[in-house]
Amino acid sequence: MELLPTVWFIAIAALWIVYLLLEGFDLGVGMLLLFSTRSDKQRRLMLNAIGPVWDGNEVWLITAGAATFAAFPFWYASLFSALYIPLTIVLVSLIFRAVAIEYRGKGSSDTWRMWWDRALGLGSLGSAFGIGAALALTTTGLPIDANGDRVGGAFAWFTPYAVLGGLAVVGFSLVHASVFLGLKTDGEVRARARNFVVHWSPVALLPIVAWVLIIQFQHGTVITWALVVVAVVAVVFAWISARAGREGWAFVGIAAFLLAGASSIFAAVYPVVLPSTLNPAFDLTISNAASGEYTLGVMTVVAGFGLPLVFLYQGWTYWVFRNRLSEHHLPEAHTVKPAVAPPVSAR
Amino acid sequence: MDPLEIARWQFGVTTVYHFIMVPLTIGLGPVVALMQTQWVRTGDEKWLRMTKFWGKLYLINFIMGVATGLVQEFQFGMAWSEYSRFVGDVFGAPLAMEGLLAFFFESVFLGLWIFGWSRLPKKIHLATLWIAVAGSVVSAFFIIVANSWMQHPVGVELVDGRPVMNDIWAVLTNNTALAAYSHTIMGALAVGAGFVVGISWYQLWQRRRDGIDSVDAAGRVVVGENASIPGRDRKDHSVWLTSIRIAAVIAIVGFGGVAITGDVQAKLMFDQQPLKMAAAEAACQDGTSFSVLSIGNLGSQNCDDVVGIIEIPGILSFLAHGDFDTEIKGVNTLIPEYQELYGTNLPDDPLYGERAGMEINYLPIMEVTYWGFRLMIGFGMLAAAFAALTLWIVRKGTVPRSKFLMGTALLSIAAPFGANIAGWVFTEMGRQPFVVVPNPNPSGVDGVFMFTAAAVSPGVSGEEIIFSLASLALVYALLLVFEVRLLIKYVRGGVASAMPELGHPEGGDPGNSGDPDNPNDPNHPDRRDDVLAFAY
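Residue numbers (my numbering), protein chains in the order written: chain A, 129 to 475; chain B, 32 to 567.
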């Protein structure tokens with residue numbers, strides 16, 4: 129067992145899990161805007177529930193990617209190049225999503241808002257699906273050769289596992305966002321979010337549960353099965369709490385579900401980071417994909433200092449914006465008019 | 032289709048685009064933070080208005096930098112997997128540090144700043160902006176460290192032909208990085224300041240055109256107001272006059288900094304990447320003269336077609352070494368030296384694909400390096416001269432009524448952007464045919480280099496890269512239109528575009544005191560304090 133590569137395997141797993149835990153509800157809120165055909169004020173309420181925190185949440189993705197590059201360059205290079213098309217879609221989706229959140233409210237026409245809502249919704253859908261597919265494939269494998277390069281063409285990644293992983297993150301994000309909106313908003317949005325959790329979470333969470341179980345049947349150990357049991361208990365608890373209207377506990381439950389479920393996947397595939405479906409000898413593992421001891425040591429010091437700090441100030445942000453939002457908290461949409469005197473003829 | 036050429040175009044297009052937004056973020060951020068600091072210190076509403084207005088434009092631009100930055104991180108792995116494998120041990124670390132130590136601060140604290148108005152105590156709210164701004168400035172440092180390692184590899188040893196980091200301190204204090212970083216930050220300040228100068232000029236001009244301000248016989252401003260236009264009161268004039276003066280000073284200081292750090296950088300580059308600098312000068316023969324204008328076929332490989340038209344003796348030596356008579360090696364001397372050190376042909380390795388065994392062309396495209404270098408300097412000087420002129424023009428409190436001058440001021444916003452782009456295109460194209468440049472004068476680690484031809488992803492087809500290049504280019508073009516349209520709209524709205532309350536001095540809708548029986552009415556007497564100061 130190699131200590132530092134193992135530490136970094138755990139660190140990267142943790143970065144991805146925290147990313148899904150935090151950005152999960154951002155992505156879900158974005159997708160829910162596609163269905164939410166009620167008033168503009170309700171859509172704004174949903175958007176502002178994630179307003180102050182979404183950008184900070186997305187940094188977990190950037191850090192997960194960069195940390196993979198730093199700690200396991202061979203994993204990063206093989207995975208990202210093999211998934212060229214889906215990651216292109218993720219990038220375009222994330223770009224649209226980010227810009228939509230910022231620009232949506234800065235125009236005043238209904239058409240403007242409608243198109244940015246679509247960009248936000250589809251951007252969230254595309255990112256959630258693509259990231260889910262990528263994560264599933266790094267646990268189930270890709271056709272990579274001895275050098276770690278994908279063979280079989282641009283769509284060699286497109287397998288049932290990719291679809292399953294994509295649906296898993298999409299479904300989870302929808303439920304997670306509904307639990308979050310139940311906790312963070314008031315009025316009709318809150319009630320509808322709760323209804324969504326009660327009625328749809330059993331269906332929406334099926335793909336992620338299937339992914340967890342497939343990995344367990346392939347690689348499970350006693351410990352990872354124990355994590356699965358925890359996850360199942362947590363998700364049932366979340367559902368019961370949501371039905372009883374106890375939104376705080378529902379959020380704790382769904383968060384525990386993700387933590388335990390995703391941990392069970394990463395723990396089961398350890399020490400392989402990217403299996404080759406062509407030949408197990410080509411598998412990328414924490415040993416043959418990792419950076420040197422020195423680099424990992426430096427990164428451990430940096431992360432040991434930086435991550436606790438991030439938890440601290442990001443946690444503080446959630447504390448500052450802890451209040452439930454209601455429609456009456458939102459200022460009226462503001463129309464920007466040119467600060468120019470009307471032409472002389474119109475005076 | 033050739034993946035290499037397309038992947039290079041993609042990297043160039045996405046990076047240049049990203050670096051339109053980024054210097055504005057880095058340069059405008061400290062200016063806004065300075066304004067808010069003044070507001071907290073003095074309580075003068077002028078500063079609050081400046082903070083709100085420039086802060087709004089800052090945010091419209093900020094998000095585009097964030098959105099396009101993701102592409103940068105992903106495409107190393109996607110399109111340049113061999114590069115990522117080769118350099119991962121040393122190149123990934125600064126990127127990860129950027130995330131952990133800078134970008135988290137930037138994003139989290141900017142969220143706090145945007146939504147924290149009137150929710151956080153004034154001083155803490157101010158601190159959130161400073162932390163976010165510091166985040167972007169530090170973030171740039173780590174990115175430049177990564178880039179500079181490609182220009183001047185240090186802090187590594189070769190293990191099985193691959194660079195493995197053994198000294199992070201050497202990587203972080205790489206002299207190339209320190210010079211390039213200060214050069215970049217100064218350049219960004221010039222961008223941010225130029226942006227403020229141009230827009231403030233427009234605002235002062237608009238006030239004059241609308242007959243709000245006028246000048247007396249001595250040419251001094253007579254400030255007026257027009258109550259029917261939101262925000263155009265007396266205070267408004269001081270908002271723009273103070274903005275334009277501060278920014279013009281910062282632009283001049285920034286340009287001075289750019290010149291000094293650029294000189295340091297050039298001296299390093301003459302030493303570390305002599306061929307890049309020779310190509311920047313189109314200096315085919317050894318010599319001491321700086322070329323002001325050269326004509327002929329700069330791209331010609333034997334270099335014989337290039338004719339220097341105007342040359343200043345001694346200046347090239349001065350740029351490189353600080354004296355006037357050291358001979359600087361020209362292209363014709365350097366290429367044989369490079370061939371001796373790094374071979375005349377690419378290795379016969381499958382990594383090079385069709386290019387395996389081909390002859391290596393060590394000379395960067397000279398049209399690009401020669402003109403890139405001169406455009407960078409030219410645009411920079413133009414911007415600085417305009418800032419100095421502005422400072423003199425506004426000495427009596429406003430700008431002339433000339434529409435032409437106002438248009439020139441708005442156009443001048445583009446100059447520092449142009450200088451930034453030209454400089455980066457020069458330095459990145461100038462490092463070809465290498466992606467990691469060997470340094471013949473071994474302050475870098477000997478033998479650490481990589482040809483660009485070996486860096487591209489072996490498993491990715493040209494069609495895939497065309498797909499991503501086309502999608503990204505389309506999205507980028509579309510979003511640039513939206514960004515510029517929004518910026519124009521908010522600029523035309525004046526301060527009132529960022530402070531709706533200026534339109535309605537009472538707060539809320541004028542004349543609507545609220546329905547006391549409807550608790551959901553935003554103007555309900557109990558509700559007013561509840562309403563967020565800002566929401567999407």
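Keep in mind that the hints are not guaranteed to be accurate.
Partial chain B-side listing against chain A, Cβ under 8 Å, derived [to be verified]:
| # | residue |
| --- | --- |
| 1 | S112 |
| 2 | L131 |
| 3 | F135 |
| 4 | I174 |
| 5 | K298 |
| 6 | E494 |
| 7 | Y521 |
Hints listed in this document are in silico derivations from the structure and should not be mistaken for laboratory results.
Every residue gets a Cβ at the ideal spot worked out from N, C-alpha and C, and that includes glycine.
Comparing the hints with the structure gives:
Annotation: interface hint on B:S112 holds; nearest CB of chain A at approximately 4 Å, less than 8 Å. Below 8 Å, beta-carbon pairs count as interface contacts, and B:L131 has one with chain A at about 4 Å; its hint therefore holds. Interface hint at B:F135: satisfied, since its Cβ lies 5 Å from the closest Cβ of chain A, which is below the 8 Å cut-off. Taking 8 Å as the C-beta contact cut-off toward chain A, the hint placing B:I174 at the interface is violated, the least distance being around 11 Å.
Checking B:K298 against chain A: minimum C-beta separation of about 30 Å lies over 8 Å; hint violated. The beta carbon of B:E494 is positioned within 8 Å of a beta carbon in chain A (closest approach about 7 Å), and the interface hint is therefore held. For B:Y521, the suggested interface contact is upheld, since its CB lies about 6 Å from the closest CB of chain A, less than 8 Å.
When the structure is compared with the earlier hints, violations turn up for hints 4, 5 and for no others.
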